[in-house]
Amino acid sequence: MSSNNIIELKDISKSFFTASKEPGFNGTLKHFFNRKYFEKKVVKNINIEIKKGEIVGFLGANGAGKTTILKILCGLLYPSKGYISISGYRPYERNPRFLNKISLIMGQKQQLIWDLPPIDSFYLNAAIYDVEKSEAKKRIKILSEMLEINKELYLPVRKLSLGQRMKAELLAALIHNPNILFLDEPTLGLDINAQANLRRFLQLYNKETGATILLTSHYMKDITYLCRRVICIHEGLITYDGKLEKLLTRLSPRKELSIICNSKSDIESLQKLGLEIKNINNNEITLLIKKEDIKKTLKDILNKYEVEDLYISEPPVDEIIGRLLINNK
Amino acid sequence: MLNLNAYKIGTLLKTQYSNMMEYRVEIALWAISGVIPFFMLNIWTNNGLNEAINISDIMLSRYFLSAFFVRQFSVVWVVFTFEEDALLGKVSPYLIQPIHPFFRYFAQHIAEQITRFPFALIIAFFFFIFNSTSLWFPSFGIILISLISTFFSFLIQFLIQSIIACFCFWTEKASSFEKLIFIPTLFLSGLLAPVEAFPDFVKSWVYFTPFPYLIDFPARILSGNDVNLLSGISIQIFWILLFLFIFIKVWRKGSKRFTAMGI
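Residue numbers (the working numbering), protein chains in the order written: chain A, 1 to 329; chain B, 1001 to 1263.
Everything labelled a hint here was simulated from the structure, so no lab data went into it. Warning: the hint list may mix true and false statements.
For lysine-lysine, the following DSBU-like pairs were computed, each having C-alpha atoms within a straight-line distance of at most 35 Å [claimed, not checked]:
| hint | chain 1 | residue 1 | chain 2 | residue 2 |
| --- | --- | --- | --- | --- |
| 1 | B | Lys1173 | A | Lys138 |
| 2 | A | Lys40 | B | Lys1179 |
| 3 | A | Lys30 | B | Lys1203 |
| 4 | B | Lys1253 | A | Lys41 |
| 5 | A | Lys133 | B | Lys1008 |
| 6 | A | Lys44 | B | Lys1014 |
| 7 | B | Lys1256 | A | Lys51 |
| 8 | B | Lys1014 | A | Lys10 |
| 9 | B | Lys1014 | B | Lys1090 |
| 10 | B | Lys1014 | A | Lys40 |
| 11 | A | Lys221 | A | Lys101 |
| 12 | B | Lys1249 | A | Lys36 |
| 13 | A | Lys101 | B | Lys1014 |
| 14 | B | Lys1090 | A | Lys221 |
| 15 | A | Lys151 | B | Lys1179 |
| 16 | A | Lys30 | B | Lys1008 |
| 17 | B | Lys1203 | A | Lys159 |
| 18 | B | Lys1253 | A | Lys81 |
| 19 | B | Lys1014 | A | Lys133 |
| 20 | A | Lys137 | B | Lys1014 |
| 21 | B | Lys1179 | A | Lys10 |
| 22 | B | Lys1173 | A | Lys21 |
| 23 | A | Lys81 | A | Lys44 |
| 24 | A | Lys101 | B | Lys1008 |
| 25 | B | Lys1179 | A | Lys138 |
| 26 | A | Lys52 | B | Lys1179 |
| 27 | A | Lys44 | B | Lys1249 |
| 28 | A | Lys101 | B | Lys1249 |
Computed from a predicted model, the values in this text were never measured in an experiment.
Given these sequences and hints, build the entire structure.
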């Protein structure tokens, strides 16, 4: 393992054997007497290297294999093939020293004890991870302040809102100061404010502790806010591994130039320039222009037309990544 | 994976006890629902069946009260909770914590037994009110040995069910295997009748199974009936070690197959 890499995967594959069932009574009988299993390769020969302190986002449509990779990384699943090393450990061996370094947080899945206040689960987790009670007390204080859940620590988990519960889950998962975090849809079901708070917290945690964070999310804001590097997965294969910015440039090499003209004739004239038009709305026209041509085009337009207002924008990131997930390019 | 120390055990027990206390009404009802031995006592004494096996009314009352106590502190349900947790995806976070997941379930059972204790005492109190002639005070030594034997009985049952629970790694309905164990446990353990009362043919093989050591053996110790302590305890330890070995093997094999359902 390279000294800089905390995570290394080489030719990792994972297959599951699943039985399929035809509909109806006949299908049920066949399924009972002659069950047919087929092998489904969910992860196919993937190679990943991740450095300490990186925040990496996994992108992919449902069923692409993101969560399976996360499960392999945290040691829940045995890979069918390949080499894996995290901090020098094989995750599937579930060595307690390895388990002390990691944490898995799954949106909507909880490890808190339902009928007890979260504080009881925190102390239980602290004991499981050999964190002294006094130290646990300090960490609970710091983390609960960061997550703004001081008041909710003493209420039964069942009485907490989804957002409060998610924060408490996060606190329970971080009580042992893990230096590798696996987050599977951490903001699932949270309202916009709670999502933003959680993202801010994760960024702060990464900054202050230098923890490596790997996350999957369908909320593009999670990815764009937290991750500089993304790994795109499609049908178990890595289709892109690199900087998010580069991916966006590759997927959308153009900027949007919106111009508000004084007269309709200018709009009509602009239409004839041979530039790609995104839309026209009364006196406003939005053009799609290659990033390298933006200066020249702007100059030409400003010289030729009487422009009332104009603004340049990037196409929305959500839209670009959404397109990626749909087209799987 | 064991990775245990007093701090962990203490906190696990305390937390599970707090959790169990949330269900105190349910636990009182579970304690009451364990009164099968009293019904059996009634059937035995009212029909004079005890005379056929040379056990006096008093000794039989004591036996069934002891069976009631042993049952109270050896009830196991781990297969059902583990199956539910496996299906709902709750096992996943437990698997990646530095403690064997079954210690959580073990602590749950112990906490439940502690919660049951006062209710069992109340039931025993009423039993003696209605059967004052059966009242007896076992010596401290007898209480201690019967406690150890009851704990061993609990361990045997916990390990058997844990092995069955591991079948969840192969099938989603592992609890159906438990049904196979339930019937012999009910009939051969001594819950419905002292094993001594069984036909000779049954007695010729039943002691080679773990069942008589689940209720009959500890209940006989507590009630002051004749038992071979050394051989009984040794056989209990044998079954514990055997089932522990099987459990470890099945767990290792099964957890490799884990597919992390529900997440």
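Outcome of the hint check:
1. B:Lys1173 to A:Lys138: 43 Å, violated
2. A:Lys40 to B:Lys1179: 33 Å, holds
3. A:Lys30 to B:Lys1203: 45 Å, violated
4. B:Lys1253 to A:Lys41: 21 Å, holds
5. A:Lys133 to B:Lys1008: 11 Å, holds
6. A:Lys44 to B:Lys1014: 45 Å, violated
7. B:Lys1256 to A:Lys51: 28 Å, holds
8. B:Lys1014 to A:Lys10: Measuring from Cα to Cα gives roughly 44 Å; hence the hint is violated.
9. B:Lys1014 to B:Lys1090: 21 Å, holds
10. B:Lys1014 to A:Lys40: Violated, because 44 Å separates the two Cα atoms, which is more than 35 Å.
11. A:Lys221 to A:Lys101: 27 Å, holds
12. B:Lys1249 to A:Lys36: Status holds; Cα separation ~28 Å.
13. A:Lys101 to B:Lys1014: Cα-Cα ~25 Å, so holds.
14. B:Lys1090 to A:Lys221: Judged against 35 Å, a Cα distance of about 28 Å means the pair holds.
15. A:Lys151 to B:Lys1179: Between Lys151 of chain A and Lys1179 of chain B the Cα gap is close to 46 Å, so the pair fails against 35 Å, i.e. violated.
16. A:Lys30 to B:Lys1008: 49 Å, violated
17. B:Lys1203 to A:Lys159: Outside the cut-off at roughly 55 Å; violated.
18. B:Lys1253 to A:Lys81: 17 Å, holds
19. B:Lys1014 to A:Lys133: 14 Å, holds
20. A:Lys137 to B:Lys1014: Holds, at roughly 17 Å.
21. B:Lys1179 to A:Lys10: Roughly 45 Å between the alpha carbons, so the hint for Lys1179 of chain B and Lys10 of chain A is violated.
22. B:Lys1173 to A:Lys21: Holds - the C-alpha atoms of Lys21 of chain A and Lys1173 of chain B are around 18 Å apart, at most 35 Å.
23. A:Lys81 to A:Lys44: 9 Å, holds
24. A:Lys101 to B:Lys1008: Status holds; Cα separation ~18 Å.
25. B:Lys1179 to A:Lys138: 48 Å, violated
26. A:Lys52 to B:Lys1179: 50 Å, violated
27. A:Lys44 to B:Lys1249: The given pair, whose Cα atoms are some 30 Å apart, holds under the 35 Å limit.
28. A:Lys101 to B:Lys1249: Holds: Lys101 of chain A and Lys1249 of chain B sit about 27 Å apart, inside 35 Å.
The structure does not agree with the numbered hints 1, 3, 6, 8, 10, 15, 16, 17, 21, 25, 26 stated previously, though it agrees with the rest.
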